[in-house]
Each structure stands twice: as C-alpha cells, then as structure tokens.
Amino acid sequence: MTFLRRVAREPLAHFLVVGALLFGGLSIVKATQRPTVTLDAQDLNQLATYWEVQMQRPPNKVELAGIIRDRIDEELLAREALRLGLDKGDMIIRRRLAQKVAFATDDTAEVAEPTDKALREYYAKTSDHYAAPARVAFQQVFFSGDRPHGGAQKAAAQAIGRAEEGGREDPTGDPFLFPLAYDDVSIADLLRDYGPAFVKTLETAPVGSWQGPVLSPYGWHIVKVTTRHQAASVAFEAVRDQVREAYLTERRAEANAAFLRTLRKRYRVVVAGVPEN
Amino acid sequence: MEGMGTREQQVKHRQAHGRAIIAAVIAIGTGGAALAAATPASAPVAPAATARPAGRLPGYSADRNAYFGDLHVHTGLSFDAYIFNVRATPDDAYRFAKGDTIGHASGFNIRRSGGPLDFTAVTDHSEYMGGMREANDPSRPLSKSPLVQGLFSPDPKAIRAAFDKVVALSHAGQMPKEFSAPDVAGRAWTDVKAAAARNNDPGRFTTFVGYEFTSAPDGRNLHRNVIFRTAKVPTLPYTSTMSANPEDLWRTMDGWRAKGIDVLAIPHNSNGSDGLMFEPTKRDGTPMDRAYAELRMRNEPLAEITQIKGTSEVHPSLSPNDEWANFEIMERYIGGNKPVTKFKGSYVREALKDGILMRETKGFNPFKFGFIGSSDTHNAAPGSVEERNFFSKVGRSDGTPAQRGSIPPGGARTWPADTPDSAHATGPYQAWGASGLAGVWAEENSREAIFAALRRKETFATSGPRIRVRFFAGYDLPDDLAKHTNLVHEAYAKGVPMGSDLKPSPSQGKGAGKAPKFLIWGVRDPNSGYLQRAQVVKGWVENGVAKEQVFDVACSDKLALNKTTWRCPDNGASVNLTTCEPEPFKGDVELRTLWTDPTFKPKQRAFYYLRVLENPSCRWSTWDAIRNGTPPNPTLAKTVMERAWSSPIWYEPKA
Numbered sequence: 001m002t003f004l005r006r007v008a009r010e011p012l013a014h015f016l017v018v019g020a021l022l023f024g025g026l027s028i029v030k031a032t033q034r035p036t037v038t039l040d041a042q043d044l045n046q047l048a049t050y051w052e053v054q055m056q057r058p059p060n061k062v063e064l065a066g067i068i069r070d071r072i073d074e075e076l077l078a079r080e081a082l083r084l085g086l087d088k089g090d091m092i093i094r095r096r097l098a099q100k101v102a103f104a105t106d107d108t109a110e111v112a113e114p115t116d117k118a119l120r121e122y123y124a125k126t127s128d129h130y131a132a133p134a135r136v137a138f139q140q141v142f143f144s145g146d147r148p149h150g151g152a153q154k155a156a157a158q159a160i161g162r163a164e165e166g167g168r169e170d171p172t173g174d175p176f177l178f179p180l181a182y183d184d185v186s187i188a189d190l191l192r193d194y195g196p197a198f199v200k201t202l203e204t205a206p207v208g209s210w211q212g213p214v215l216s217p218y219g220w221h222i223v224k225v226t227t228r229h230q231a232a233s234v235a236f237e238a239v240r241d242q243v244r245e246a247y248l249t250e251r252r253a254e255a256n257a258a259f260l261r262t263l264r265k266r267y268r269v270v271v272a273g274v275p276e277n
Numbered sequence: 001m002e003g004m005g006t007r008e009q010q011v012k013h014r015q016a017h018g019r020a021i022i023a024a025v026i027a028i029g030t031g032g033a034a035l036a037a038a039t040p041a042s043a044p045v046a047p048a049a050t051a052r053p054a055g056r057l058p059g060y061s062a063d064r065n066a067y068f069g070d071l072h073v074h075t076g077l078s079f080d081a082y083i084f085n086v087r088a089t090p091d092d093a094y095r096f097a098k099g100d101t102i103g104h105a106s107g108f109n110i111r112r113s114g115g116p117l118d119f120t121a122v123t124d125h126s127e128y129m130g131g132m133r134e135a136n137d138p139s140r141p142l143s144k145s146p147l148v149q150g151l152f153s154p155d156p157k158a159i160r161a162a163f164d165k166v167v168a169l170s171h172a173g174q175m176p177k178e179f180s181a182p183d184v185a186g187r188a189w190t191d192v193k194a195a196a197a198r199n200n201d202p203g204r205f206t207t208f209v210g211y212e213f214t215s216a217p218d219g220r221n222l223h224r225n226v227i228f229r230t231a232k233v234p235t236l237p238y239t240s241t242m243s244a245n246p247e248d249l250w251r252t253m254d255g256w257r258a259k260g261i262d263v264l265a266i267p268h269n270s271n272g273s274d275g276l277m278f279e280p281t282k283r284d285g286t287p288m289d290r291a292y293a294e295l296r297m298r299n300e301p302l303a304e305i306t307q308i309k310g311t312s313e314v315h316p317s318l319s320p321n322d323e324w325a326n327f328e329i330m331e332r333y334i335g336g337n338k339p340v341t342k343f344k345g346s347y348v349r350e351a352l353k354d355g356i357l358m359r360e361t362k363g364f365n366p367f368k369f370g371f372i373g374s375s376d377t378h379n380a381a382p383g384s385v386e387e388r389n390f391f392s393k394v395g396r397s398d399g400t401p402a403q404r405g406s407i408p409p410g411g412a413r414t415w416p417a418d419t420p421d422s423a424h425a426t427g428p429y430q431a432w433g434a435s436g437l438a439g440v441w442a443e444e445n446s447r448e449a450i451f452a453a454l455r456r457k458e459t460f461a462t463s464g465p466r467i468r469v470r471f472f473a474g475y476d477l478p479d480d481l482a483k484h485t486n487l488v489h490e491a492y493a494k495g496v497p498m499g500s501d502l503k504p505s506p507s508q509g510k511g512a513g514k515a516p517k518f519l520i521w522g523v524r525d526p527n528s529g530y531l532q533r534a535q536v537v538k539g540w541v542e543n544g545v546a547k548e549q550v551f552d553v554a555c556s557d558k559l560a561l562n563k564t565t566w567r568c569p570d571n572g573a574s575v576n577l578t579t580c581e582p583e584p585f586k587g588d589v590e591l592r593t594l595w596t597d598p599t600f601k602p603k604q605r606a607f608y609y610l611r612v613l614e615n616p617s618c619r620w621s622t623w624d625a626i627r628n629g630t631p632p633n634p635t636l637a638k639t640v641m642e643r644a645w646s647s648p649i650w651y652e653p654k655a
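First to last, the protein sequences are chains P and H. Letter 37 of the first sequence, counting from 1, is numbered 37 in our numbering, and no numbers are missing. Letter 196 of the second sequence, counting from 1, is numbered 196 in our numbering, and no numbers are missing.
With the rest of the complex left out, here is chain H:
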C-alpha cells in the first residue's frame, strides 16, 4: 500500500466508480455483447486495512516462518496468454492468490481449494507486454496492424497457429515494432505496478512487481523472471528484443541496483533449454571466468526447479541411481514440439555438480543457486497446482480434460489401442504436471523480509502441497538436537540454514576434521498426503570428477533405515485408483532427524540438499478420468509422489 495516501484512494475510488457506470452505459448501448470492459464493474469498496503497525508485523517470528507463494504468473497482458483467450488482469491474479474466484478463459469459474497464498508476483512477458490487448481494441492504432488479421480466435487450432506465428516472428526479430512501442508497454507496465501496489498488504499478503525476460535462442529456453524488491522499478522492463543474451540483462540489473532499484532474476524451464541454460561457456562460446560467475550469481541466486511445464531437478538418464528421478519429466522445447536431446545443462542437480567442479578446477562457481517452484500459470491463477483441482495453464488451449489428454478422445468410454504416449501426442499438455510452489523462511510477511530470504537462498520448492522443510548444517549441533523443543533456535545459533555455505571445521585441535551434522525436518501439508521419506542429495568432487548420491535419512512408520544401502524399506503406501483414497495409516505427519554424513572427507568440496517425499497420490490426469467415469490414460503415470526440495548447503573446504 505504499504511496496510497487518502487522496490517492479517493481518486482510485472515483475512477473505479466512473468505470463502473461506463461499463453499465456500454452494456446498455450494445446489449453487453463483446464489450465486457477489461475492468470489472464491481470495484471493491472495502476499506484499506488499518495502518501498518510500527515495527513488527503480526505473525513475526525471529526463528522465521514458512511462507508460500508463486513468483511466475501470467495474465492477459502477456502476448501468449491473450492469444489463449485469457483476459484476466493482474488484479484478478492477486484476487485468485488471496482465495477469490475468478473466471477461466473457457467460461467456468476457478478457485484454489487450499488456503490462500502468502505472496505472489505477476510476471507477464515483457516482450509485447499489453500489445495483444491493444491489438484487439478497435480504438487503438495497434488494431490496424496487418498482423492482427485472424490472430484472435476461440478455436484451439487457430490459437496454436496464431501463437506459432507470433513466436516465429519474434524469434526471427520480425515482430512489427509497434508491438514494442513504449506507450503500449508503458500502459501495461503501469497496470502491473498499480495492481502490485493495490494488493500488497504487509502481514497478510505480499506482492512483487516483476516480469518475464523471454529469451530463447533457436527456440532453446533461456527464460527468467525478474523480481523487484520494492515499488521502485525501472521506467520499462529490459526485454529479450533488446538482447537475447542473459548477460546483457544481468548488466542492466547491475545498473538498476546502482540506482537503488533492487532486483533479482530467476531462470526457469532449464528442462526445455536443450542443454543451454547451464552450458559450460559464456553465451558467445568463450570460456567462463570469475567476473562472469560473479555477475551471474549476483543477479541469479535462485532457480525455479519445478513448474507446470515439468520439473528440472534431475533427469533419469543423468542420475540412474535415483529411483525418484522420474518426476513430471517434460522433454520438449518450450512453446514448441521439438524433442529435447541434451539433458546435461538442462537439469539443476547436474548444474550444481558442474558448479562445484568448476570451483575446484577454476576457482569460481557460476551455478551456486537455491531452489524455488512456481506455477507459470497463464490463467492468472497463482498456485493453481493442485492435482485434484487442476485446469492446466494455457487458457482455451488446455482448459478441458479432452484437450489435455486425460480422457479418451471424441467422447469415447475406453482408450484406443494406439493411444500415443507423451513423446508422440499432438499436444504437450498430458506431460505437464500440477506442480510448483515457492517456499521461503522469513521473519514476517513483507516485501523486505521475503526478498531478503530469496536473496540469501533460504528458500525451498514444492510440487504443490505446502510441505514445510527445515535444513541446517553444523559441526556442533547436539546429537539429540532433534529431540529439543527449541531446536530451530539452537540450529540457527550453532549451524547454517539452507542456502548457506558451511565453512570447514578447524584443521587442528579439538573438533578437527569433524563431519558435519544435518538437521532434517519435514512437516506434511494437512490438505495433502502423509510423508514417506526424507532424503539428502549429496554432490561432491572426487579425483577431479563430480559425483552424486541420494541418501534416505528418515523413514516413516517407524521403519528402520538400512545404513548400507541408505534406503528406507517400502512402507507399502498405496492409493485406490477408482476413488483416489490413500490407504489409511501409512506415512508420517513429520520426519525429523539429525544426520551425519558417513562419506564426509574434509578436503572434498560438496553440496547437500534435502528432498522430502509424500506417499503416492493420484496424478491430476487420474482425477480428470475419475470425474469423467473413464479409465486413466494408459500411457500416463497414474500417481505421483508429491515432494519438497530445500535449497542446497555448500561445503566449502579451504582452496
């Protein structure tokens, strides 16, 4: 609510009220057809919350609270969302995040069934931002552009053609320049800023001004979201039409920061980059150097590792010894159907390994990032990643089960024998997952506290549920710490939290060469399943090679951990595929333990992150099938194991 004095509120009310009557008048003049004005007629009159208290906000906790949000959200201001028939505004997106009902492009209402989110950033594509809205408004000059002919249609085939056309022109640098005109972008950017200001409510709900930098050389995805700390933002976004090279974006961000505009960028969908997101060289092919690594890490402390278009933690071909690597894997180009062939450079675990190896051999690490998840909704529906309540993410193109391949085609009751699998299906939607939420540990729900958590990487990702995970490392954590009631306070005092560096223990004297201990803690989401196991993923450098191992460290149901294989026994949890009811009395409310790395070598550089798995539950496509009374698509996974990932902790031995 910064800068929202009484006078401005009056103006706001007045404008809203003016718009309301205009909408009414227009509706009378035209029978309401085709003119549903962009602004809802029922402008909220609810008074602003009582003034922000001095000092701490309600809910403040020195030991930090988990807050959940979505930092990747598109509205009708994005060129593609508009083409997908999405007309929802940034205000609609914030309303949805707070638990309100909004309309879907296909004509039904949508609402989160879990609780409201704690924070959200609307991140529309900066390229041609607001352009399609104006191109479809006869009173705007942009509507006279020859490109507009046939661009807007409710027919999914025509939508696909229009989307492909704009993307092709864009990649070729041939979009008519009036779509990037500063006045067009300026009107959209003003809307983005105003909606963030209107909906920011410290202590209850935090908004961030943001946008997506949509670079994709040769269709290989280098997208990243740019998030601003406060309402102080540049006049206009720096877009990929100015440069497709992320290094130019980072240098621009450095320039903004010098002017007091704090900002960070979060890359996403490395899975669709065909090896480009974490390539081992600079964009122009020259070798990386320390300056490059510092530029990158100063601007990109985090990566979005899971979202609706797949999860980018790990690929089964890269980590054959990780039995849980095959989670919502998406193997196509973003916005296209081309298959991805290079998995190295596309997944974050491999990048973290490459990073510590580079640190070891070259002295710098360009891939030292923490984790978040987010939805990438194009329906202005932050947090719409609930398996049971999933309507996918690209408006009129995948709004129905038939469109997303979860029920048999043509109204049939059974699946044809030649039902194509995800690699051969005509659309990409059946391979998309209901996944992606961002978690942060922050003292209170405010822009300052949450941005600080993002900056220090005290963040985690989940596949949708509000699973809370704590992860600390230290040499002096008491062995019975997991039984202490004030363990978090002690862990902060004697260890380091997720996202931090763990310095080497003293090289001589008492405690020399001690192995680090890790506090592991996961608590279930009451609206989701019970927890099955907690795992530590370790990557390390050994004889000039980066290696990895997945350790189960805490088992549910009082099962005994096998410390030779580092695997929990199967807890036998299952789910009834005709009702989606889980088998009762399987899994735990929480998993908590203190774990010491048995393979620790003081001179081996390493990283560790926590992964907590739920019992299996129905995938969204199975829920769709049950509601339709037909069998689930035989080519798709029937169940998923929802999960949470902490940001890594890096063990940094002396060089």
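One chain only, chain P, in its complex shape:
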C-alpha cells in the first residue's frame, strides 16, 4: 500500500496517468472526427437531374438510393486515390486540371467591352481582312492560239485597230469555252483560269473601251471592262460585329499569354537538365 501511495504521489505517475487519459480521449475524439463525405440537398438535386437527363424521367426511390450509393462510392475511391498519391504523374488528370485553369482564367480575365474608337483603330489596322474581293464585269473576243503562224495575235491586233477607229459593230473572233461575257466574276477566279498577265489587263484597263491584245494560256484576247469593283475594304459599320469579335479574340489571347508569362516567372522551368529561365 505504501508503495502504491508513494507511487501515487510521484509526479511521473501523474504525468503518465494524465498522458494516458489524454491519449485515450484523443483517440475517441479522432474516431468521432473521421473525414466526412457530405452530400447536401443541392448535390442530391444535381444527381437526380443528371439521371433524369439521361433517362428522360425522374428516378424512383430505389433508383435514387442507388444513385446516392454510387456517388458515395465514387467519392470514397477518389479520396483513397488522392491519399495514395495516384494523381501524381497522371497525364489525363494533369490535362484536365490545366483545362480547368485555362477555362477559369478565360472567364475571369474578362476583357472590357471595347470603345468605338478602339474598334475603329483596330479596323484600320486590319481592314484588308474585310476586303470584298475585287470583281469585274467584262466582254472579251478570243483568237485561238491554235490559229497557224501567229495568226491569233495578228487578228487580235486588227480587231483592236478597227475598234479604235470607231468601228460601230462589236468585234468578233473564235468560239471560246469560257464565257465571252462575265457579268460579275472575282479576280481570284480569273487569275486561276487565265493567269496573271490577263488579270493585270482587267485590273488596269480603262472602263468602256476595247483593250488588248492580251495573251492567255489559250490564245489572244481583246477585252472591254464594263464595271469594276476594286478590292475595296468594306465600311466599318458593315462589319462592326466581326471587328468586335476579332478584337475581343485577340485581347483574350493576349490576356492568356500574359497569364502564362506570369506563371513562368513564378516557376523555374528546367527541361532535360537545362534551365529555361
């Protein structure tokens, strides 16, 4: 007894007893404070909605219980995976996380609505993007390259000579498989079908009189341009929406590039042992 009494008076014993109580108590507290999987009303609603979208009807009670059980199972497995570090070095997870940040910055780095002045300046810089393609209407007379002894060029020159002398009748030549009169054709199409020399004449010839002869891969032509629409830029007002869209797209791209630059500053990047920055 004296031994026990002596022990009971020992500070070391007090320490051990208090320690044991604390340990036991903490264990109990710890057991009651296991990590919690919580599904709140909002989660449940969302699960039910997903299900309904798939099945085209609301789940019944049994199905709802199943949905909830599956969702909890999924959560438990996911948390266990995280605890075991299975997210490390996984390409799909890395890609998904990167996507989420990219989308998030895309949404948060909201680009301010541009002013009219900003848009006009941007349009002035990029107006060639909105150019209506050059188009032309013209008539032509064709002299086939298959005429012997350079006859096509000679005949074309004679025809233009007669026209310049003020001949009243329209000149005539050989049949041609392409249209002899174009009401409205883009310069790009002509460039492909006739080549650059021919197109240059159409772009520069005075309107309303016969010009030429001009050579094409098919023979010699004389041409009369009736109307010409230069590759005029389209007025700002007509393409305002497109300008705004292009402007915003460029600003967003800049914002994203800036974000990536900031990130780069925050990290050291080492590629194959060589520091990049």
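It should be emphasised that the hints constitute simulated quantities derived from the structure, not laboratory data. Heads up, none of these hints are tricks.
In silico lysine to any residue, SDA-like type, Cα no more than 25 Å apart, as pairs: (1) H:Lys144 x P:Glu74; (2) H:Lys494 x P:Phe178; (3) P:Lys154 x P:Ala205; (4) H:Lys338 x H:Asp164; (5) H:Lys601 x H:Ser507; (6) P:Lys200 x H:Arg204; (7) H:Lys483 x P:Asp170; (8) H:Lys144 x P:Arg71; (9) H:Lys165 x H:Ala181; (10) H:Lys177 x P:Met55; (11) H:Lys586 x P:Gly151; (12) H:Lys494 x P:Ala181; (13) H:Lys586 x P:Pro148; (14) P:Lys200 x H:Ser61; (15) H:Lys483 x P:Pro179; (16) P:Lys100 x P:Leu76; (17) H:Lys558 x P:Ala157; (18) H:Lys98 x P:Ala231; (19) H:Lys558 x P:Leu177; (20) H:Lys98 x P:His229; (21) H:Lys144 x P:Gly85; (22) H:Lys98 x P:Arg192; (23) H:Lys483 x P:Gln139; (24) H:Lys193 x H:Ser243; (25) H:Lys586 x P:Arg192; (26) P:Lys100 x H:Asp137.
Given the coordinates of chain P, assemble chain H onto it according to the supplied hints.
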C-alpha cells in the same frame, strides 16, 4: 456557312481560343511530346466573308461553268487512314483543297501546285468512324479494348499487319462492337458536319457532308461514297456493318429522301470488285427487275471511274480495239493483294453496254450512270493527283518514293535485273496512278447548283488536269455550229448536254431518220499538256449483241482525220525522259468539232461519250526517279496520256 449566326461564331471563336491555350498549357506540361492535340493551336481568326448576296453568286453563268472538285477524301477519322499514321482532320482536308499547306503523316509538308479546288466532300469510312482516334486516346474507354495492343505503329510492316487485322475482323463481322458505338461515331460525325459547315463558302468553295459505305463481300469491292445535298443529314451514317448489300443502303437513302434529306451515292473502284460491281443479277443472285433498276438509278446516277487506285473505264482484254485502254490499270483486290480475274462487271464501258442490252431485251437499264473522277486520298489531301507533285495516298505506307517502287530499293543507283513488275511487287503502290478529279457544269459554285449537276449527270472525269470538256447531241445543231461564237448557248437550245437522253428524231416527214450531230469541245489545262485528240466512244446494240467502237473525231496540229479507220495520224509528240520536258509545238490548246455519227441506225439503241487525250507526259514514277537521279523503274510505264471523259449521252429509240 448555313446556321452560322454571329452568336455561334462567337462561341466558335471562344472555343478555338480556349483550345489554343489548352494546347499551350499541355505543351508546357509535357515538353510537347506525343500530345500534339488534334486541334491546331493557331485557330483562324479571319472574319467570315461578306454576307451572301441575294440571288446569283459571283461568277454565275446561265450557260454553266466548269467546276473541279474531289468527292472522295479520307482523314484521320477513317480507321485505315488513322492506322496509316494520318492525323489530319476534315478541316485540314478543306484547307488543302483551298490551296493551303498541311502536314503529311511522314513529316513533310504537302500542298497542291495547281489552283485550289472549287468543291470537296470529306468522305471518311463510316465503319468505325472516329474509332481509331479514340482507341489511341488514353482518356477514352475505347483505348482499353484488347484490340488496341500493337495497333498503332509508324513501321510500315506493323501498319500493314494492323490494317490487315482490322479488315479481316471487319469482313468476318468480328470487330469489337464498341468501335461502332453511337457516341464514338457521333463525335466523329459531328466533326464532319461542323467542318463542312465552317468551310462552305458559296461562290468560292463548296463543301458537302459525306461518308463512304465500305462494303466488300469476300473482299470484292462494293464501296460507294454517299453525298448529301445540304447540311440536313441523318443522325448517323448507314454503314456496311448494318448490311453489306448496297440495295439496303439505297432503300435507306430513299427513306432519308422522304424526310427531306437529299442524297446520292457514287460507287468506285469497280476495278477491284472482281466482277461484282456491275454483276448482272441482284446481290442475292435473283434476276434484276425494273424496280431494282429504278432503285439503283434513283440513288446512283454516277460512277467514279478513275482514282489513285486505278482507272475503271475500260480494260484492254475487254476492248482490244481501243489502243488507249491500258491507262493506269490496277488488277488487285482493294486493300489486299489478291489478283482480280473477272474483268467483266468491273469496268464501266462494259457495264454501259450491258445496260443498254438489258434495256433492249428486258425493258430496264440498271447501269445508266454518268462519270466523275476523284482521288480517294487518305492523306486528307483533296486533288493530290498531280504527276509532278505526287505523294500517293496512304500516309506512312507509301509516302516515300522507295515505298512506292519508283526508285531502286536500298539506296541503289540502278535497278536489279529481277525487279518485279506490278503483278509481282510486294506492295500495290507502283501500279497506282496520280489520277482522279470530278468536273461538273453548273451555273454557280454552290451546293445547290453543283448537286443539281451531279443529279442530272452533267459531269465529267479527268485524270488530274483541269481539262474542260463540252459534249452535246442534237439533230438540228447547225453544221457550222463549231464556228459560232455563242455555240454553247445554241447547243443548249437545240441539243442535249452530257448525261442526257437523246430522243429519236421524227419518224416521218422532214428530218425523219436524221443522224444525230455531236458538238465536241475540249480545252487544255494551262498547267498541263496540250491536247492530242478527241474521241467519241460509242456502244450500241446490234442483233441482240452490245458492240463498241472508238472514233477519233478531232485531231491536233491540223492533221487530217482518216474517216475510214477513224484515227488521227500520230502527231509525233514526245517527252524528254531525263527532264520531262515535252517536245515543243505539238498538240492544241483546244479541240472543237461537230461530228455526225456515220454508223447511226435509228432503231439501234446506243450511248456515246467523249474522251479527250493529252500528249504524253511523265508519269509520277518518272518524276520521282528524276528527282532521285536514278533511272525510272523498268517495269513501269514512263509516260501517261492524261485525259478527260464526259458523261455519256444515251440514244433512246422507241421501244
């Protein structure tokens, strides 16, 4: 650009931009290795063209323009193209068609050297569409399929093995069904539709939504491309995994049409069908009837008669009197090495003859189709059929000259004495040709106008160059029509164009029993050779037998046509095989004439089509050899005569 309102464009821009940054982030995360995301980082920001003008498009012509295109194009969405290492998308294919540069699976850049095309349809195999892309993506369930093991390799031998494996499983109906899952096909089909919508630009460039129905009973080719008129298309394609019988496809197409989805199908590579494409019975062996002929012709007004895997116009054994029949002949099964043994039923001229004979004896014609050509590229490279700029068509398998047998094996400078010919070579590629373009005569460059031309068969095929051919028939065409400057306008007014029926002339009175006259007109492609001769191919029924004759009708170089033999004298055109320079001053810019059939009999059923030939020029294999500084493969033709074929005109006497 249908259905592409401003809001959708904004979404599009936003998505493209989102993808761009993702690609950037991914590239940082992995050093960019192996993850080159499917979508190019540089999304185009070019604004849409100015709004479509009301009414006619620029370039509209009431007398119709020739437009050139490719209606047979595969991208990485096709199971075989993906196995061939092709990763290009439908957008890449449309960019290539418009003249842009894209990447080849073997790592070099490719671009058309001729002008951009006017129209294109991406036609990926509907079987397992998009399946291989997902099978090679670890984030997709399909990548866990046991079949995927070893399926994707850059090694041509492994590629061949993988391709054979999938084709064998497919023919046996044993492909894992998850490769045909609706969600997999749906994602690919969505890409196909979206790319067609994005790239359609009326007046400049027309796209069609399409796919390939890849049926091949016992490996005998019954493939056809299905082309939709507008953006209104079915939820998913009808594929040969549902039925290998084309009659089931046609009935399905009838059903679509009843729902307002206009569509037509174009069979191809009859040369690899071993007699099956134009067999004289229904697929189940029962006799054909009028309902069958109508079903077939309602759905298949055209045939693709030339493409990289050979030309199916005519075989020398079927037409021994046609000196030009031996053009890019390919005598193997498609996707296999088995030799073809049945040429009848495999070539279109013979089928046209069988058709008019059936019309004569049974009252219906199941083979009354017009012609187009197309490439069948699996490199997402529409119109890549230029001899001088040819990289063949199956990605990593035939991307180099050595792989396609055009330079000596193993880096040698000369050819071994035992160099195998095309019938014995290990690969099929040396026998393939740089051929196949589709031509149409349409008022303007739009889906509606071009589809209408396809439907009425006012189409032609070329072996690659943009040769333009006109072909009209009529009894009242003026004798000097070929000299009139407005002859096309007159020809439309007084005759019928290619693809049409020519009705009999009045049986009595003035003009009774008159022979038809034909307006013949071909104009060269400025980027290709000069024209040598124009020919009319006639088929007719005489005493219950179908016969044929090839008439030269216009000669180049002012040479006189021999009207006994119906042959032009040789114009002596040649080509220097060390430089590929043609001999100068040979051939014509255009060939034009009015021809009257001297053998016409009012009661004889007949068809006529035009064939225009260029002077000889270097074959692609010769160009490859010259660039390599070695002699051309001694077993191959050194030159080809590029050509164009019009759709036929049928003379339909009273029954």
